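> Each chain, written out:
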Amino acid sequence: MIITLTTDFGQTDAYVGAMKGVILSIAPHTQLVDISHEIAPGDVRHAAYVLAGAAPFFPTGTIHVVVVDPGVGSSRRAIAARTPQATFVAPDNGVLSLCMHESGQVEYRQLSNSRYHLPQVSCTFHGRDIFAPVAARLAVGADFKDLGPLVTDPVLFSPPPVTRDSLGCWIGQVWHIDHFGNLVTNLKSEILNFEFQIPTLHIKVAGRHIAGLARTFAEREPGELLALVGSSGCLEIAVRDGSAARLLDAHTGDKVLVWISDESKSG
Amino acid sequence: MIITLTTDFGQTDAYVGAMKGVILSIAPHTQLVDISHEIAPGDVRHAAYVLAGAAPFFPTGTIHVVVVDPGVGSSRRAIAARTPQATFVAPDNGVLSLCMHESGQVEYRQLSNSRYHLPQVSCTFHGRDIFAPVAARLAVGADFKDLGPLVTDPVLFSPPPVTRDSLGCWIGQVWHIDHFGNLVTNLKSEILNFEFQIPTLHIKVAGRHIAGLARTFAEREPGELLALVGSSGCLEIAVRDGSAARLLDAHTGDKVLVWISDESKSG
Amino acid sequence: MIITLTTDFGQTDAYVGAMKGVILSIAPHTQLVDISHEIAPGDVRHAAYVLAGAAPFFPTGTIHVVVVDPGVGSSRRAIAARTPQATFVAPDNGVLSLCMHESGQVEYRQLSNSRYHLPQVSCTFHGRDIFAPVAARLAVGADFKDLGPLVTDPVLFSPPPVTRDSLGCWIGQVWHIDHFGNLVTNLKSEILNFEFQIPTLHIKVAGRHIAGLARTFAEREPGELLALVGSSGCLEIAVRDGSAARLLDAHTGDKVLVWISDESKSG
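Residue numbers (my numbering), protein chains in the order written: chain C, 87 to 353; chain S, 87 to 353; chain X, 87 to 353.
Source of the hints: derived by calculation from the structure; they are not laboratory data.
Please read these numbers as outputs of a predicted model, since none were measured by experiment.
Pairwise CB distance ranges (calculated):
1. S:R301 / C:I346: 49 to 59 Å
2. C:C255 / X:V226: 47 to 57 Å
3. C:P308 / S:I257: 57 to 67 Å
4. C:V226 / S:D239: 35 to 45 Å
5. C:D239 / S:R301: 21 to 31 Å
6. C:N199 / X:G190: 50 to 60 Å
7. X:G293 / S:R301: 53 to 63 Å
8. X:L242 / C:D327: 16 to 26 Å
9. C:E310 / X:H115: 37 to 47 Å
Sample of chain S residues lacking proximity to chain X, with all beta carbon distances greater than 10 Å (derived):
10. P142
11. R201
12. D229
13. S244
14. P247
15. R250
16. L311
17. T338
18. D340
We put the CB at the ideal spot given by N, CA and C, even for glycine.
All chains, full assembly: derive it from the sequences and hints.
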């Protein structure tokens, strides 16, 4: 059985190791897979984004544990979610939103059955004391229904919205900035469908104008700003052999405009 | 068999990979678990702290390899330690101190039997040439006694001391600063026992006064300084959704005072 | 079967997790081993260096996947290389050069058989869409010959050259700077053979002179600059309990001189 881990714990502490120890003590034959421990501290949307980019590629039945949990110890619930493809164990703070988005039928349970937790549960480390043991017990055959009562109102947020103005200009935003400094937008190639084929496509972001789409980084000169459809199927702004985030001083949430025109709106 | 790795090697070099290759060449069915490779370079106390926070959660029989080894190649010994719960393989520089602290009976051996090492041992990378192969051979059944002679005087240091002044004020220190900037102190909740229940508990650290304990981060406002009992059972100073280390410009070793009073000593 | 991963993807994105998911979906019993995901972005030489330092220690038959791929989506080929010891899957950009250097007979194949790829191949993430599935299918028994046609002209670069001037002075360079700030040079102890035994060996780097070789860091005082033969068999410049890179403001490619003399050339 595979259990993946996605946390904001970093790698200078014992937190990740303690979780792994708890899991292997209960389910010794688990295949542990680190997705990321470098989620920005407390950044639920970052975690949701990363999880949604990785989880769909795992085998059916994989258990994904997510611990980005700024509300630990408060009244926020701990939950598990089961889809036809996978099981998720996480705080009920929206971190699963993007995975559930297109998952079809999902069953949510509150992790209230303390028999599946460690005997002593701290107020500040439910990753070790609740999420890890619950995931491990599921891996060795615990019944999903036994975790606790059904949850019918899990916290779920929507991806950032895309709008279109009266002139037909799409308005999206920078959704994620990756390790390379690429700006991943929320403008999906399906939405823009027709436009992506058009050579006169225009993009404006952080005060800069980009004309046309590249297919790959290599089609541009080193240091040149470019736009392309990235591996997640969304429009990305990048710099060949460089960082668009640094070049443009861009941030998550920055507005991105896309339109078709013979005349540039830039400047 | 599980072998965990705790090093200060970082992740930009071949060092960790070489150790993993050596282990898997000798013991192909080992389950390798990274605890941390981001121990501060040469910081034996940091490594001891992290190891002690993770090791107790692993299954009985786990082998923990620790390579934080500023004295590599010098006369410092290489050792293994066996407790009823686990086996540790490490340089004899105190890095196991906090794990041994409450381990009951421990047997130490010097890793002098070169039959368990790689054929060629470098002067600067005993992680690859001694510690990894010794751990792997233990994993496939080597006799602990064969590693080398008993060690009766391993290097062990104590946790930083807690004292109490004539007015009853506990004096401890910042023991560890975690990834979130939380200041973990050496003031254990058991020691302070009675005081932790008292609403008029006062804490002073880095020139700042904190009145009362929180149970969770969520009980305070974002950005607010707070004190709570952390997941290790020790008093922690934290900032909700922020970094206490940055806010207070605090460092490991900074003095922490705890007392009960109707009047604040701050200011 | 063991599959190792070496990438420049960092750990804040879904990229590594997606690759792991793809591999485990095809080859569920694979033992995944991270060598590094902290290769400098697009730095093929860094990746080649790290891979060559780790791969030789893995068991025969290990599959190494390397994704440092600034030319992704361009006409650069995707290849696999099979040696008597291991199989490598990587872009054809020279990243395998240092592993092939002394590997004896190598068979290269172009990864043109799309039956081994994911059904949809993006233009920007061949790690997930080509390299991971090819490695996984090899792990479950795919025939190496089926991957695609033979490649007879893979991109291979040589290690940086060592020369010797008319006075017998060896001229090499800083080849790699490690996590500790040690300057690993390309001057192999075999080349310098005789000289390394001689107490009057002199080294000049970044304007500083070092007389004699240490055997270990511990032979020098904390903060002192020293030279020694490192774990890769090459001359290294280091600072005990410190960073030579920072002390000398040294960079990869900086010239390193080694000579024997009774008089120092420094100053």
